[in-house]
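Protein chains: 4
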Amino acid sequence: MIKVGIVGATGYAGAEIVRLLLSHPQAEIKWYGSKSYVDQAYADVYKNFFKIVEDLCKEDDLSKMAEEVDVIFTATPQGYLASVISEEILQKAKVIDLSADFRLKDVSVYEKWYGIEHKATQFLEEAVYGLCEINREKIKNTRLLANPGCYTTCSILTAYPLVKEGYIDEKTLIVDAKSGTSGAGRGAKIPNLFCEVNESIKPYGVTTHRHTSEIEEQLGYAAGSDPLTINFTPHLVPMNRGILATEYANLKEVTRPDGTKGLPTEEMIREAYEKYYGNEYFIRILKKGEFPETRFVEGSNFVDIGFTVDERTGRVIAVGAIDNLVKGAAGQAVQNMNLMFGLPENMGLTMMPVFP
Amino acid sequence: MIKVGIVGATGYAGAEIVRLLLSHPQAEIKWYGSKSYVDQAYADVYKNFFKIVEDLCKEDDLSKMAEEVDVIFTATPQGYLASVISEEILQKAKVIDLSADFRLKDVSVYEKWYGIEHKATQFLEEAVYGLCEINREKIKNTRLLANPGCYTTCSILTAYPLVKEGYIDEKTLIVDAKSGTSGAGRGAKIPNLFCEVNESIKPYGVTTHRHTSEIEEQLGYAAGSDPLTINFTPHLVPMNRGILATEYANLKEVTRPDGTKGLPTEEMIREAYEKYYGNEYFIRILKKGEFPETRFVEGSNFVDIGFTVDERTGRVIAVGAIDNLVKGAAGQAVQNMNLMFGLPENMGLTMMPVFP
Amino acid sequence: MIKVGIVGATGYAGAEIVRLLLSHPQAEIKWYGSKSYVDQAYADVYKNFFKIVEDLCKEDDLSKMAEEVDVIFTATPQGYLASVISEEILQKAKVIDLSADFRLKDVSVYEKWYGIEHKATQFLEEAVYGLCEINREKIKNTRLLANPGCYTTCSILTAYPLVKEGYIDEKTLIVDAKSGTSGAGRGAKIPNLFCEVNESIKPYGVTTHRHTSEIEEQLGYAAGSDPLTINFTPHLVPMNRGILATEYANLKEVTRPDGTKGLPTEEMIREAYEKYYGNEYFIRILKKGEFPETRFVEGSNFVDIGFTVDERTGRVIAVGAIDNLVKGAAGQAVQNMNLMFGLPENMGLTMMPVFP
Amino acid sequence: MIKVGIVGATGYAGAEIVRLLLSHPQAEIKWYGSKSYVDQAYADVYKNFFKIVEDLCKEDDLSKMAEEVDVIFTATPQGYLASVISEEILQKAKVIDLSADFRLKDVSVYEKWYGIEHKATQFLEEAVYGLCEINREKIKNTRLLANPGCYTTCSILTAYPLVKEGYIDEKTLIVDAKSGTSGAGRGAKIPNLFCEVNESIKPYGVTTHRHTSEIEEQLGYAAGSDPLTINFTPHLVPMNRGILATEYANLKEVTRPDGTKGLPTEEMIREAYEKYYGNEYFIRILKKGEFPETRFVEGSNFVDIGFTVDERTGRVIAVGAIDNLVKGAAGQAVQNMNLMFGLPENMGLTMMPVFP
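Chains as they are written, first to last, in the working numbering: chain A, 1 to 356; chain C, 1 to 356; chain Y, 1 to 356; chain U, 1 to 356.
Hints are computed from structural coordinates only; laboratory data are not their basis. For clarity, every value in this text was computed on a predicted model and none was experimentally measured. In this text, a Cβ means the ideal position worked out from N, Cα and C, and glycines have one as well. Hints may be right or wrong, so weigh each one.
[Claimed, not checked] Partial pick of chain C residues on the chain U-facing surface, computed with a CB cut under 7 Å:
hint	residue
1	Ser23
2	Ser182
3	Lys189
4	Ile285
5	Leu286
Modelling step: build the complete structure from the supplied sequences, incorporating the hints.
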């Protein structure tokens with residue numbers, strides 16, 4: 001059994017790690033870390049776990065935790081892990097970080113978008129970006145894993161084959177994303193009150209959302225280039241879970257399989273998706289003419305992707321959907337844990353989407 | 001492996017049976033029956049099952065199905081099963097009926113509340129009412145199981161110890177129940193449109209809801225009497241899943257453990273709940289002062305119950321919560337299947353509640 | 001024009017007073033009082049009023065306000081008004097208080113249910129309870145008006161004719177109420193976050209909710225007796241607005257119009273409702289067999305009431321619905337203002353319910 | 001008083017016309033037309049109007065209606081009005097059509113996007129496209145008004161100044177729109193059931209939504225060119241009301257006020273919005289850095305618009321929000337009626353947005 005510690009177990013992402021690991025046959029939670037609820041019963045903070053979890057919350061002490069567990073999940077605000085991580089800790093326990101601290105390789109980009117100084121740049125090189133379907137082999141051997149952001153997981157996976165194959169003009173890529181409210185966390189803030197969110201939709205972080213930099217860096221790798229420069233616009237939707245990313249890009253003239261020059265066809269694009277994702281358990285490429293809906297992935301680790309070519313405008317429109325708390329956070333973290341410990345990648349993650 | 005057929009697999013309750021059985025280690029769905037979608041891919045009707053279920057929907061033919069499976073779930077409108085059930089079918093396959101056809105022992109009560117003639121009264125006697133926590137032993141040996149209604153499961157389990165122990169004046173029992181909208185089914189009806197349900201709450205079936213008769217009969221058995229006569233009022237709540245039953249009853253003077261006469265105390269009532277449910281995996285009696293919320297059982301087979309004694313009015317107020325599609329339908333049906341086939345009662349049903 | 005000041009204009013009830021008065025032909029808001037947003041533009045706090053309201057928020061200073069306005073609405077926490085009210089203020093401006101400070105005549109009841117000392121008992125006698133349909137004449141002449149609570153407005157109006165006519169056994173009255181989330185106010189609290197409220201229903205304040213005492217006192221007056229002793233159970237519903245009160249009571253034997261003795265008939269009860277509400281603009285007694293739904297009163301000052309007699313149990317079930325922010329708070333406050341200033345009672349309050 | 005007839009008064013848009021006209025000081029509804037509810041009380045179909053509207057629904061007979069009223073609103077499916085309109089009718093009553101029949105000047109575009117033959121092309125030329133803020137003068141003199149679509153109203157108004165001033169490269173314009181569910185109408189269809197819409201977001205009509213053609217034609221006029229060719233992608237959001245349009249376009253090099261060449265600055269764009277909308281009652285240009293949220297226009301006829309320039313990508317991002325049933329349908333229709341009858345443009349339309 002893998003012994004697990006969770007820093008920030010009382011946030012929504014932390015609680016979702018708990019939900020998933022309680023059904024995982026090879027993991028056992030040994031430490032429910034919390035900043036605000038130390039010594040309170042975890043099941044008093046998340047009453048869905050009443051009579052299931054007996055443990056009290058303990059302090060968020062990474063060093064002590066590393067003595068007792070094999071892997072630590074950190075579901076914490078940006079800057080926290082970088083301020084406490086050490087070689088000593090990493091020699092004792094693997095760390096899967098759900099914050100952004102080790103996602104960006106370029107410190108100056110991190111400090112620009114996040115507005116905080118990075119306190120542990122010495123670990124940036126070894127940290128592996130945990131987008132399993134793309135970085136699988138590197139993930140298997142790391143001890144410091146940067147779990148991707150929720151928006152970025154959905155945005156990158158949806159665009160990746162298009163960028164990788166050179167089918168789109170990268171500078172035309174626009175990602176219009178929509179998220180359920182659990183992505184905003186469990187903090188007590190007026191804008192997240194029921195009456196403020198319900199019966200409304202709004203954009204936020206327009207041109208400034210931090211996940212932009214993460215998408216740009218990763219898609220730059222896919223393009224074999226410097227980071228891209230894109231527009232990413234998130235919106236808040238009155239639902240608990242789910243992210244939908246609607247992506248637009250101009251198709252680029254390529255040499256087609258039959259030797260002619262022209263824009264990639266819908267069939268070529270489908271083949272690109274099949275090439276990269278055809279064997280992926282968690283990625284479902286929808287049938288022609290179908291587009292994802294967040295309800296069909298809710299509660300599961302699936303990524304649903306649909307696309308079409310608009311011949312009128314010469315653009316491809318690709319749409320991806322995930323559950324932000326599962327594939328966008330806790331589920332992908334567990335998928336990474338499975339990879340890092342040599343377990344079947346989907347162990348404990350085969351739960352069905354819950355609909356309705 | 002238990003081979004399973006589902007009649008009405010394309011309704012919400014049917015789809016929930018599918019969701020649960022796909023994760024059940026000892027069951028295999030062999031027949032996805034449907035009235036409206038024959039020959040269509042099941043995963044086209046419920047796209048959450050895309051790339052998971054390959055089967056097409058087949059007709060709702062109970063006789064043919066009985067040739068191929070060990071157990072048939074019927075998630076169908078009232079009257080359907082009674083009109084097609086036969087000794088021949090029952091000799092080939094066990095039947096777990098999610099409709100009301102075999103829930104009421106008294107045909108005249110059935111015909112009065114449901115307004116239809118009962119076409120298979122010869123099976124009424126052998127049918128077992130499948131409220132697992134109360135009828136466990138009988139369930140193990142039946143071949144025809146009447147799975148309780150969603151409201152009734154929640155309403156009866158909440159009141160049962162109070163009635164059984166003689167702690168309440170039964171004729172004062174009032175059940176004010178609230179349900180999510182999935183209980184209304186997947187039929188295309190104006191009152192169930194999003195804009196009609198959202199941002200509103202309404203009572204319906206006031207004094208006339210059919211589940212009244214089921215609660216009255218079962219609580220009558222608990223009281224060792226004729227059926228009770230109670231008020232049951234359901235309300236429609238703008239949420240997908242969940243039932244909450246708020247129950248009120250006057251306490252009755254009893255002889256207390258210390259020999260004095262008086263109303264049952266809160267401690268006595270707690271002991272009564274412990275007596276009947278203390279060992280039940282799926283029933284969680286909340287701590288003093290706490291009351292259930294449907295979000296904490298969503299997606300799971302749990303029943304949460306809280307209660308208090310109001311000394312000002314001499315009443316006990318007990319509140320129960322379930323997920324209407326799980327413990328209120330498909331989950332309890334699978335729990336019954338487990339019992340009927342000698343499996344551990346919670347096999348395939350240990351999924352955690354999903355919150356948020 | 002009536003000059004108006006609002007203390008607590010930045011809470012939900014305060015903002016609803018603003019919404020209503022901006023369309024009121026005889027009122028002009030002169031002072032937007034706030035504790036947290038002093039010197040900020042009111043339209044920055046409530047962006048629906050952008051380009052409509054130019055004013056800044058000012059401090060919540062009752063004395064200064066009284067110099068400049070004719071009437072002050074106090075939409076503040078319990079205890080506030082009692083701690084600052086004075087004879088001097090009341091000589092300058094009428095006060096309409098949306099808190100509970102002057103609703104209960106019996107100080108000991110107030111202090112017991114609210115847990116705070118009452119600092120202005122000298123005004124309790126002259127304060128008038130502002131349930132317009134019942135206390136209309138007294139309201140016209142008061143300078144200190146206690147605006148009823150949201151739950152109480154709905155609960156009392158639904159039961160009033162039944163109690164007044166002596167048709168029900170008062171000690172059997174049970175009020176099971178359901179409210180939208182705006183009733184919880186705009187405070188930043190975890191239990192009111194979108195993800196905590198959405199997809200769930202819960203009871204709260206079971207046997208202890210403060211509105212109980214207010215219902216008991218007022219219905220006691222209707223009965224011509226001491227306060228009643230009832231059960232009142234509120235529930236939180238995932239919607240912004242609306243209160244539904246489902247009320248149960250045993251009918252009492254009376255002498256019927258034809259001279260026989262027996263329980264009141266449905267016709268007699270309808271006549272009772274007509275007797276008290278037949279001429280009321282804001283109360284709509286629904287047709288036989290119909291029950292209210294909150295969506296049909298949303299945004300308006302209407303009270304919808306439906307009822308039925310259950311001959312099986314000898315009970316009447318009456319259900320009332322209001323918009324908690326309108327008839328349950330700001331709308332009734334404006335209705336009271338109209339009465340206190342000799343204006344037509346429905347001036348500025350004839351807006352239609354908004355559906356869908 | 002203007003006498004009004006409504007064809008399709010029992011759809012959501014029709015009911016919203018009713019809601020608005022009941023508060024309009026110069027209009028009187030004489031005919032509640034309906035296809036499905038003839039001879040039923042209108043207030044039985046929309047119970048929010050109980051005790052307010054006494055009329056029965058009458059048949060949808062345009063000719064008879066024209067005898068009795070001054071103006072007819074047609075809130076009907078595409079193709080209906082074109083199949084029944086006649087010179088005779090138009091000589092008796094003005095017609096305000098909420099369908100698409102007379103919105104597009106080019107019949108071939110209509111027939112391509114709508115897939116139906118146009119039966120009244122003779123009236124296409126005289127019909128006026130009723131986007132009040134842009135076509136005000138023409139509207140005043142027409143007898144046949146084509147009321148714009150909900151998505152189009154929001155999409156066009158948001159982009160109009162940018163196109164008109166030549167600030168954007170029109171072929172790069174992308175409109176990603178999100179709508180509440182009332183836009184789907186009151187038809188009983190499974191995809192619009194509460195449980196199908198709630199807790200989900202989905203795109204639909206990707207590259208094929210009919211409103212695309214309307215946006216393209218109107219923005220072509222603004223550009224002084226042929227129709228544009230754009231991408232328009234609508235999404236369904238789990239809320240009753242509201243449309244949000246997020247628009248992206250590459251800025252085009254222009255000569256700036258100071259004589260330099262370069263992309264338009266944020267200030268220039270603000271001036272453009274002020275130039276076209278500075279005096280418009282219903283259009284609110286938000287402050288720098290602010291973006292619209294549908295909750296702040298709900299129930300009102302306002303259009304909120306916010307924008308920013310992204311210097312990294314050289315794009316402008318402009319976002320508009322309306323209430324789809326008001327400015328997107330009934331409100332704009334009434335605004336058009338006011339113009340056509342010489343009334344103040346905002347008469348009956350000054351209701352405040354309802355929040356929360």
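Results for each hint:
1. Ser23: violated, 21 Å
2. Ser182: This interface hint holds because 5 Å falls under the 7 Å limit.
3. Lys189: holds, 6 Å
4. Ile285: Check failed: Cβ of C:Ile285 comes no nearer than 30 Å to chain U, outside 7 Å.
5. Leu286: violated, 26 Å
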